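**Q** Each protein sequence line maps, in turn, to chains B and Y.
Under UniProt numbering, the first residue of the first sequence is numbered 1, with each subsequent residue one higher.
Under UniProt numbering, the first residue of the second sequence is numbered 1, with each subsequent residue one higher.
Derived by calculation from the structure, the hints in this document are not laboratory data.
Model, not experiment: these values are computed from the prediction.
You may find that some hints are simply not true.
Below, a list of computed lysine to any residue pairs in the SDA-like style, where the Cα atoms sit at most 25 Å apart [to be verified]: (1) Y:K197 <-> B:E480; (2) Y:K290 <-> Y:D279; (3) B:K101 <-> B:E112; (4) Y:K253 <-> B:I20; (5) B:K375 <-> B:W434; (6) B:K191 <-> Y:T174; (7) B:K101 <-> Y:R414; (8) B:K197 <-> Y:E112; (9) Y:K423 <-> B:D98; (10) B:K423 <-> Y:E480; (11) B:K7 <-> Y:D257; (12) B:K282 <-> B:R235; (13) Y:K191 <-> B:R467; (14) B:K7 <-> B:D272; (15) B:K191 <-> Y:D176; (16) Y:K197 <-> B:L177; (17) B:K191 <-> Y:N230.
Protein chains: 2
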Amino acid sequence: MIHTRIKELLNSTDFGKTVIVKGWIKTFRNNQFLAINDGSCLGNIQVVIDYENTDERTLKRLTTGAAVSVEGVLIESLGKGQRVEVKASQISILGDSDPEKFPLQPKKHSLEFLREIAHLRFRTNTFNAVFKVRNALSFAVHRFFNERGFVYIHTPIITGSDAEGAGEMFKVTTLDLDNPPRNDDGSINFKEDFFGKSTNLTVSGQLEGELAALAFGNIYTFGPTFRAENSNTTRHLAEFWMIEPEMAFYELKDNMDLAEELLKHVIRYALDTCSEELDFLKNRLQEEEKSKPQTERSELDLLAKLNFCLDNDFERLTYTEAIDILRRSKPNQKKQFKYLIEEWGADLQSEHERYLVEKHFKKPVILTDYPADIKAFYMRMNEPDEQGRKTVRAMDILFPGIGEIVGGSQREERYDLLVNRMKEMHIPIEDMNWFLDTRRFGSVPHSGFGLGFERLVLFVTGMTNIRDVIPFPRTPNNAEF
Amino acid sequence: MIHTRIKELLNSTDFGKTVIVKGWIKTFRNNQFLAINDGSCLGNIQVVIDYENTDERTLKRLTTGAAVSVEGVLIESLGKGQRVEVKASQISILGDSDPEKFPLQPKKHSLEFLREIAHLRFRTNTFNAVFKVRNALSFAVHRFFNERGFVYIHTPIITGSDAEGAGEMFKVTTLDLDNPPRNDDGSINFKEDFFGKSTNLTVSGQLEGELAALAFGNIYTFGPTFRAENSNTTRHLAEFWMIEPEMAFYELKDNMDLAEELLKHVIRYALDTCSEELDFLKNRLQEEEKSKPQTERSELDLLAKLNFCLDNDFERLTYTEAIDILRRSKPNQKKQFKYLIEEWGADLQSEHERYLVEKHFKKPVILTDYPADIKAFYMRMNEPDEQGRKTVRAMDILFPGIGEIVGGSQREERYDLLVNRMKEMHIPIEDMNWFLDTRRFGSVPHSGFGLGFERLVLFVTGMTNIRDVIPFPRTPNNAEF
Numbered sequence: 001m002i003h004t005r006i007k008e009l010l011n012s013t014d015f016g017k018t019v020i021v022k023g024w025i026k027t028f029r030n031n032q033f034l035a036i037n038d039g040s041c042l043g044n045i046q047v048v049i050d051y052e053n054t055d056e057r058t059l060k061r062l063t064t065g066a067a068v069s070v071e072g073v074l075i076e077s078l079g080k081g082q083r084v085e086v087k088a089s090q091i092s093i094l095g096d097s098d099p100e101k102f103p104l105q106p107k108k109h110s111l112e113f114l115r116e117i118a119h120l121r122f123r124t125n126t127f128n129a130v131f132k133v134r135n136a137l138s139f140a141v142h143r144f145f146n147e148r149g150f151v152y153i154h155t156p157i158i159t160g161s162d163a164e165g166a167g168e169m170f171k172v173t174t175l176d177l178d179n180p181p182r183n184d185d186g187s188i189n190f191k192e193d194f195f196g197k198s199t200n201l202t203v204s205g206q207l208e209g210e211l212a213a214l215a216f217g218n219i220y221t222f223g224p225t226f227r228a229e230n231s232n233t234t235r236h237l238a239e240f241w242m243i244e245p246e247m248a249f250y251e252l253k254d255n256m257d258l259a260e261e262l263l264k265h266v267i268r269y270a271l272d273t274c275s276e277e278l279d280f281l282k283n284r285l286q287e288e289e290k291s292k293p294q295t296e297r298s299e300l301d302l303l304a305k306l307n308f309c310l311d312n313d314f315e316r317l318t319y320t321e322a323i324d325i326l327r328r329s330k331p332n333q334k335k336q337f338k339y340l341i342e343e344w345g346a347d348l349q350s351e352h353e354r355y356l357v358e359k360h361f362k363k364p365v366i367l368t369d370y371p372a373d374i375k376a377f378y379m380r381m382n383e384p385d386e387q388g389r390k391t392v393r394a395m396d397i398l399f400p401g402i403g404e405i406v407g408g409s410q411r412e413e414r415y416d417l418l419v420n421r422m423k424e425m426h427i428p429i430e431d432m433n434w435f436l437d438t439r440r441f442g443s444v445p446h447s448g449f450g451l452g453f454e455r456l457v458l459f460v461t462g463m464t465n466i467r468d469v470i471p472f473p474r475t476p477n478n479a480e481f
Numbered sequence: 001m002i003h004t005r006i007k008e009l010l011n012s013t014d015f016g017k018t019v020i021v022k023g024w025i026k027t028f029r030n031n032q033f034l035a036i037n038d039g040s041c042l043g044n045i046q047v048v049i050d051y052e053n054t055d056e057r058t059l060k061r062l063t064t065g066a067a068v069s070v071e072g073v074l075i076e077s078l079g080k081g082q083r084v085e086v087k088a089s090q091i092s093i094l095g096d097s098d099p100e101k102f103p104l105q106p107k108k109h110s111l112e113f114l115r116e117i118a119h120l121r122f123r124t125n126t127f128n129a130v131f132k133v134r135n136a137l138s139f140a141v142h143r144f145f146n147e148r149g150f151v152y153i154h155t156p157i158i159t160g161s162d163a164e165g166a167g168e169m170f171k172v173t174t175l176d177l178d179n180p181p182r183n184d185d186g187s188i189n190f191k192e193d194f195f196g197k198s199t200n201l202t203v204s205g206q207l208e209g210e211l212a213a214l215a216f217g218n219i220y221t222f223g224p225t226f227r228a229e230n231s232n233t234t235r236h237l238a239e240f241w242m243i244e245p246e247m248a249f250y251e252l253k254d255n256m257d258l259a260e261e262l263l264k265h266v267i268r269y270a271l272d273t274c275s276e277e278l279d280f281l282k283n284r285l286q287e288e289e290k291s292k293p294q295t296e297r298s299e300l301d302l303l304a305k306l307n308f309c310l311d312n313d314f315e316r317l318t319y320t321e322a323i324d325i326l327r328r329s330k331p332n333q334k335k336q337f338k339y340l341i342e343e344w345g346a347d348l349q350s351e352h353e354r355y356l357v358e359k360h361f362k363k364p365v366i367l368t369d370y371p372a373d374i375k376a377f378y379m380r381m382n383e384p385d386e387q388g389r390k391t392v393r394a395m396d397i398l399f400p401g402i403g404e405i406v407g408g409s410q411r412e413e414r415y416d417l418l419v420n421r422m423k424e425m426h427i428p429i430e431d432m433n434w435f436l437d438t439r440r441f442g443s444v445p446h447s448g449f450g451l452g453f454e455r456l457v458l459f460v461t462g463m464t465n466i467r468d469v470i471p472f473p474r475t476p477n478n479a480e481f
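Given only the sequences and the hints, what does the whole structure look like? Please build it.
**A** Take a look at the structure:
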């Protein structure tokens with residue numbers, strides 16, 4: 001007989017039917033009530049043991065974390081808290097769990113402790129909920145683009161290009177680090193490396209994505225990207241997943257529209273398909289915030305925050321308008337910002353982004369048209385404004401509690417302007433001929449953006465540390481499991 | 001006015017409607033007929049130019065590869081080969097393409113040549129079709145697992161573990177290769193490396209996938225994996241994508257059933273959603289095979305081959321049965337195999353797999369229960385047979401023309417047996433405590449497999465070189481773009 005998953009059993013009304021349940025014991029109360037979970041949902045099924053007729057040695061092995069197979073009859077539950085339960089006729093231990101050694105006990109563990117045992121934290125309610133939501137968001141991303149005819153492109157992870165410019169890179173090599181082959185001048189002979197040259201882990205699939213967009217029209221990537229930056233924060237990972245759509249014939253407004261539509265689509269999908277998980281995470285967050293002073297607690301609960309995002313247009317304004325608001329803002333006037341906003345051209349810090357999103361507009365914000373000097377070479381140059389200030393057609397989407405969740409731009413499609421910008425920014429043009437070919441042969445206006453997937457999961461789950469929304473986080477000094 | 005994608009226009013019957021088309025010029029005939037493609041489908045739309053009233057300078061710029069925006073009226077076409085066309089009222093050049101320099105001319109290019117310009121090959125019919133099919137297969141994989149309640153898990157790309165044992169690994173480092181920090185004994189001081197230890201690119205997400213399966217029940221991965229092996233063949237890549245489902249409570253038969261169901265599901269999805277592309281690829285393959293001697297041509301055309309796969313059960317047999325067949329086979333008797341099958345225990349070579357699949361059974365084959373000595377440490381040990389021979393609960397799925405497309409097994413869930421096997425195979429047990437914890441705490445029977453995504457795309461598209469089914473292949477001495 002095939003076992004039935006607990007998610008299905010909990011929704012079943014086949015009372016009287018004999019079923020097999022397989023899963024892990026969460027608790028065993030009064031030598032009679034087993035709570036069993038198989039990971040298919042947050043809920044446990046209650047199994048009622050016939051204490052008198054169960055072998056004593058088996059009873060002793062019914063410990064938290066042990067795996068069991070139970071055959072029994074599905075019945076309506078008289079106890080409160082559950083609708084159905086299984087009256088066991090036969091129970092067998094699939095795998096023991098020594099209660100002295102099993103680190104997950106039926107009590108609350110700190111997230112820090114659970115990070116140390118990331119291989120077991122999947123078995124907790126919190127991480128069950130988080131990774132179910134992560135799964136739903138992933139699927140929603142693919143569904144969104146698939147419905148719109150976008151082509152999913154797997155851009156390379158190992159790259160010979162070091163001109164992506166988005167951050168520090170990890171080197172990839174098969175050379176003997178202890179004694180690498182060298183050229184006559186003493187430099188390392190990368191001709192003997194696996195790829196015949198020095199290679200790195202990608203920081204972005206954008207440039208390759210542009211190549212595909214200028215053939216297929218609309219494409220997206222969804223893959224891992226890397227930053228070798230020593231950022232030990234709650235918002236940074238050395239290895240993270242990014243979604244990068246790139247669209248031919250899209251101008252900046254189309255780009256903003258698509259990004260806003262995507263974010264709303266995937267949040268709505270999570271609300272629709274993960275209500276049990278999001279309810280749990282809402283309550284978790286409320287519990288967590290009880291220890292905080294009133295002023296630091298969220299104004300909206302998790303579900304209200306997500307729905308608020310769906311129901312409101314994101315606020316769109318230019319960098320220049322944002323600087324005006326920030327310059328006149330209370331924290332700037334009262335010198336409460338760590339970095340005071342004094343003049344146009346300043347790079348925005350997290351404190352400024354948070355002020356705009358959380359205090360001033362109280363909703364997601366799309367900032368556009370940043371100063372050219374603080375943005376990447378591939379962004380399309382605007383006409384200088386009346387004061388001669390140069391801006392580019394960039395857009396960043398800022399989310400409450402998260403900061404930048406999306407960064408994008410209309411791309412510079414004009415060959416001469418692009419080459420000039422690359423020269424100014426010391427990008428090695430000769431290595432980038434493949435990229436420039438898109439501007440030599442049938443160049444078209446196009447746009448794209450990058451959505452940091454873990455930041456999205458952070459926002460939707462209400463978790464506060466990015467290490468808690470990816471299975472096995474990679475951060476400075478940590479590549480465990 | 002917003003432009004309409006050509007895929008939509010070609011299916012439209014809104015004759016008389018004014019539309020905007022944007023795309024790239026494929027051909028320009030008789031100073032009158034432009035064939036324009038925007039990547040949304042294989043088909044081009046014909047645009048009829050009013051030669052008399054079009055500026056001469058514009059006419060000169062209507063070259064293959066140039067990007068244009070055309071406004072005009074959608075009309076029923078009188079010409080053969082198309083149902084609709086656009087009578088242009090206005091045409092503007094978005095991006096020129098110098099016909100002396102643009103490498104893609106309206107003629108057949110060799111796949112080898114196109115590999116050199118992988119950044120432009122997306123614009124050819126062949127690669128449009130290949131990457132559309134690849135996209136459809138990706139989506140089908142996610143849909144398949146999503147419908148069945150599997151959780152998509154992003155396992156780490158950078159790993160501190162070197163015990164995965166599936167092949168040679170790439171090192172990942174931020175150390176200065178020219179002058180790495182060293183310990184007193186002269187060895188490299190990996191404590192100063194980014195992760196505080198030596199790290200590699202993953203060869204498989206399986207071990208981490210098992211951790212998740214023993215919490216969620218059913219999970220899958222779909223991500224890049226790496227092999228630093230100097231294999232310059234048409235079937236190997238240094239960077240490739242793999243799908244790795246892992247299921248708690250699954251035994252080997254369940255595992256085989258799932259793999260067969262998955263393969264059939266995604267092939268069916270491609271047939272259902274990519275009929276235009278697969279038709280094109282079928283014809284391409286037939287053209288290609290014309291230059292081959294009759295005996296080397298496929299017996300079935302591409303579509304027939306895919307349908308044959310759907311309509312037939314995969315042949316299931318044990319390694320031991322396969323060895324008997326091979327030993328008695330004609331090529332073995334006549335010594336035509338390069339590696340003759342003499343005794344039980346021999347590893348199967350590609351020639352043997354092909355014989356079984358293409359000559360003997362003439363359909364996909366699932367081989368199970370391989371000798372323990374030639375398989376990985378984590379596979380579940382069978383009881384020795386009557387001759388005392390040790391086998392493991394492995395399964396490989398072999399496809400015609402491809403060879404191994406899936407490799408999997410029931411996993412060894414018994415702690416003592418697993419540890420013994422690891423010791424025998426010199427796997428560093430102390431580094432693998434996180435993995436062994438799954439066998440210490442609530443271990444259960446479980447199974448999983450890995451599906452090489454590019455081999456699947458190869459099979460479904462009928463392409464013959466794996467470099468032609470991934471956008472930017474990484475192979476020895478090649479990490480271009």
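**Q** Now tell me if each hint is right for this structure.
**A** To see whether the hints hold, each was checked on the structure:
1. Y:K197 <-> B:E480: Distance ~10 Å between Y:K197 and B:E480 Cα, so the pair holds.
2. Y:K290 <-> Y:D279: Since the Cα atoms of Y:K290 and Y:D279 sit roughly 17 Å apart, the hinted pair holds (cutoff 25 Å).
3. B:K101 <-> B:E112: holds, 19 Å
4. Y:K253 <-> B:I20: OK: Y:K253 and B:I20 at ~18 Å, within 25 Å.
5. B:K375 <-> B:W434: Given pair B:K375, B:W434 holds - Cα atoms ~22 Å apart, limit 25 Å.
6. B:K191 <-> Y:T174: Holds - the C-alpha atoms of Y:T174 and B:K191 are around 19 Å apart, at most 25 Å.
7. B:K101 <-> Y:R414: holds, 18 Å
8. B:K197 <-> Y:E112: holds, 21 Å
9. Y:K423 <-> B:D98: Within the cut-off at roughly 24 Å; holds.
10. B:K423 <-> Y:E480: holds, 22 Å
11. B:K7 <-> Y:D257: Holds, because 22 Å separates the two Cα atoms, which is no more than 25 Å.
12. B:K282 <-> B:R235: Since the Cα atoms of B:K282 and B:R235 sit roughly 20 Å apart, the hinted pair holds (cutoff 25 Å).
13. Y:K191 <-> B:R467: OK: Y:K191 and B:R467 at ~21 Å, within 25 Å.
14. B:K7 <-> B:D272: Distance of about 17 Å is within 25 Å: holds.
15. B:K191 <-> Y:D176: Given pair B:K191, Y:D176 holds - Cα atoms ~17 Å apart, limit 25 Å.
16. Y:K197 <-> B:L177: Satisfied, since the Cα-Cα distance of roughly 13 Å is no more than 25 Å.
17. B:K191 <-> Y:N230: holds, 14 Å
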